[in-house]
Amino acid sequence: MIIPRSGDAARPFDAVLIANRGEIAVRVAAACREAGLRAIAVYSEADRHALHVAVADEAHPITSYLDAAAILAAARDSGATALHPGYGFLAENAAFARATIDAGLVWIGPPPAAIAAMGDKVAAKRLLADAGVPLVPGYDGDGDDAGLLRAAEAIGFPVLIKAAAGGGGRGMRVVERAGDFAGALAAARREAGAAFGDPRVFLERYLVAPRHIEIQIIADAHGTIVHLGERECSIQRRHQKVVEEAPSPAVGPELHARMGAAAVAAARAVAYVGAGTVEFLLDADGNPYFLEMNTRLQVEHPVTEAVTGLDLVRLQLTIAAGGSLPFGQEDVALRGHAIECRIYAEDAAAGFLPASGPLRLFAPPTGPGIRNDIGVATGDEVGVEYDPQLAKLIVHAADRPAALDRLAAALRDYAILGVTTNLPFLHWLAAHPDFRAGRIDTDFIAREWSPTAPTTIPQPLPRAVLLAAAMLDILDREDRAARVTRPTNPWRTAGAWRAGGAGAPLRLHHGTREYRLTVAPTPDGTWVIDLGDSTATVALTRRGPDTILIREAARVLTVRGLVAPEGLLIAWQGHQYRLTKPAPPTVEATATPAAASGREVLAAPMPGKIIKISAAEGQRVAANQPLLVLEAMKMEHTIAAPHAGTLRRLPHGLGATVTAGAILAEIDAN
Numbered sequence: 001m002i003i004p005r006s007g008d009a010a011r012p013f014d015a016v017l018i019a020n021r022g023e024i025a026v027r028v029a030a031a032c033r034e035a036g037l038r039a040i041a042v043y044s045e046a047d048r049h050a051l052h053v054a055v056a057d058e059a060h061p062i063t064s065y066l067d068a069a070a071i072l073a074a075a076r077d078s079g080a081t082a083l084h085p086g087y088g089f090l091a092e093n094a095a096f097a098r099a100t101i102d103a104g105l106v107w108i109g110p111p112p113a114a115i116a117a118m119g120d121k122v123a124a125k126r127l128l129a130d131a132g133v134p135l136v137p138g139y140d141g142d143g144d145d146a147g148l149l150r151a152a153e154a155i156g157f158p159v160l161i162k163a164a165a166g167g168g169g170r171g172m173r174v175v176e177r178a179g180d181f182a183g184a185l186a187a188a189r190r191e192a193g194a195a196f197g198d199p200r201v202f203l204e205r206y207l208v209a210p211r212h213i214e215i216q217i218i219a220d221a222h223g224t225i226v227h228l229g230e231r232e233c234s235i236q237r238r239h240q241k242v243v244e245e246a247p248s249p250a251v252g253p254e255l256h257a258r259m260g261a262a263a264v265a266a267a268r269a270v271a272y273v274g275a276g277t278v279e280f281l282l283d284a285d286g287n288p289y290f291l292e293m294n295t296r297l298q299v300e301h302p303v304t305e306a307v308t309g310l311d312l313v314r315l316q317l318t319i320a321a322g323g324s325l326p327f328g329q330e331d332v333a334l335r336g337h338a339i340e341c342r343i344y345a346e347d348a349a350a351g352f353l354p355a356s357g358p359l360r361l362f363a364p365p366t367g368p369g370i371r372n373d374i375g376v377a378t379g380d381e382v383g384v385e386y387d388p389q390l391a392k393l394i395v396h397a398a399d400r401p402a403a404l405d406r407l408a409a410a411l412r413d414y415a416i417l418g419v420t421t422n423l424p425f426l427h428w429l430a431a432h433p434d435f436r437a438g439r440i441d442t443d444f445i446a447r448e449w450s451p452t453a454p455t456t457i458p459q460p461l462p463r464a465v466l467l468a469a470a471m472l473d474i475l476d477r478e479d480r481a482a483r484v485t486r487p488t489n490p491w492r493t494a495g496a497w498r499a500g501g502a503g504a505p506l507r508l509h510h511g512t513r514e515y516r517l518t519v520a521p522t523p524d525g526t527w528v529i530d531l532g533d534s535t536a537t538v539a540l541t542r543r544g545p546d547t548i549l550i551r552e553a554a555r556v557l558t559v560r561g562l563v564a565p566e567g568l569l570i571a572w573q574g575h576q577y578r579l580t581k582p583a584p585p586t587v588e589a590t591a592t593p594a595a596a597s598g599r600e601v602l603a604a605p606m607p608g609k610i611i612k613i614s615a616a617e618g619q620r621v622a623a624n625q626p627l628l629v630l631e632a633m634k635m636e637h638t639i640a641a642p643h644a645g646t647l648r649r650l651p652h653g654l655g656a657t658v659t660a661g662a663i664l665a666e667i668d669a670n
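Letter by letter, the sequence shown follows residues 1 to 670 of full-length UniProt numbering.
Don't read these hints as lab results, they were simulated from the structure. Misleading hints may appear alongside valid ones.
[As the list claims (entries may be wrong)] Calculated pairs, SDA-like style, for lysine to any residue (alpha carbon to alpha carbon, straight line, at most 20 Å):
| hint | residue 1 | residue 2 |
| --- | --- | --- |
| 1 | Lys581 | Ala564 |
| 2 | Lys581 | Pro462 |
| 3 | Lys609 | Arg649 |
| 4 | Lys612 | Pro12 |
Modelling step: build the complete structure from the supplied sequences, incorporating the hints.
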């Protein structure tokens, strides 16, 4: 039970319902266990077998993580005495915070009034303007579409349309010219309404290539507010953070103190209690402008924990119980440098589109200065219902260069097989000279990233990958032979694959390349593999279901790999390789009627839901004209005509859920 220190207002609790999912729910459950508290999870049908359910003391089903009534009912039924909202979902919903308190539970978060004050981005900007906090020029008044367009023209393009009721990149659009404003405004309102239940937006001047710097604050109910330094959050895609670090390489002592003081002033202006973050944009001249305040724990809080030595979730528990902060501002010391990478199920080479599919292997790196906050496990199925974040990799070292080196090494040791992830992109980033030098801004990814970057797709395939593929094929053949003959040990007998001892050809495909190998057994149990440009004699040892040791002379390679329906899957140096063997020859298929008639078929790039249809069958469409909008993982993706023509077919209606590869539209090029 959390018991506040003597003299504090006692609000003890012994069981915490965690109203969230994924890695943050796992993180909060761990903190509860360390504090001697019972951790209670909730889960949707899609999360029935999720990791956060497995690590909790008990778990209760709900229809949705946005269903406040169901969550509070689960708290009542489980005997919870406190509720932790995590981040996202209802974490910054003032009405939910008030309902939690009214239900007799301790709310592990800021007061509802503070959430309301900062949750309305328009009201927050007005409040902080009165407090003297510098703001980006913009427009936060009411108005119809025409009025907002006039305001945008007065501000000057480019402008940023932002959701009034939330952040995280949802409901946000950059508009370069007046002609694009109406469409962007409609999309921003629609996305904001879906994400936050409030379609209101406001406008800001779009700062070109700023840095995104945020200040972590922590406050108790007894008037103590402390800032814990800054975090650099400029590496973003689609206005969502991917990599964060602490401290920022762009912030010196004077700016550190000035921004910290401004953050504390912002928190004090709303009588803040708990953990929160005040975000700023830093222009090219180093001038900070208030962006927003997040009234919750942030995804990137571990980098602050690494450099301060504090446990922010434990502090949240202590503060919620009425306890005082056990330190003051003068006690906060930053030690070393920390970097966090978010591991996403997404295809960076395809514009960072969300990915789904089986997680056949999930093996994060371990070692000194490495921390993993994870929300998944081997065997999970990654769907499209929620944010694609799988885990976070955090490294800590004495200084930034050492942290960068540790990050690169940790990424090389990461092994994920099955679903596509952003690990290739993170490898590219960790090696980029400008990132290593700290020359970054919020446009860095859009400006620098190329899906054909040489560090993302090693070609030709590394020798170790080809050897591992040959060995996996041997294992697969021997396992299948053992299953259909007799229950003997395939490692101690020749087996069907080795009959005759002759070399066998092995053709492998990776992308557009084909590799032709020859694999032959030897009397001493080793294998001779002809790679085309070289030959290797190797011995093979299996270590578990997904690990093999390949010995070549004095060199031993440890490779993670397995055989799956989609091919031979190999994890090597942090990359995932999918190699396939050609199918047996078949009669060549004839051209489809659509192809023969010049009709182009548009397929869904990812699973999702059709939330808008902008054209009708039989309509003439122009090149790049929007046809429909597909929503996946709470983000919108516009499907546009690749060329002018006639829209002949829209097989799915509004609200339909489609799988990746499903036909969305057919266009005649005439």
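The hints, checked one at a time:
{"no.": "1", "hint": "Lys581 / Ala564", "in the structure": "12 Å, holds"}
{"no.": "2", "hint": "Lys581 / Pro462", "in the structure": "18 Å, holds"}
{"no.": "3", "hint": "Lys609 / Arg649", "in the structure": "18 Å, holds"}
{"no.": "4", "hint": "Lys612 / Pro12", "in the structure": "49 Å, violated"}
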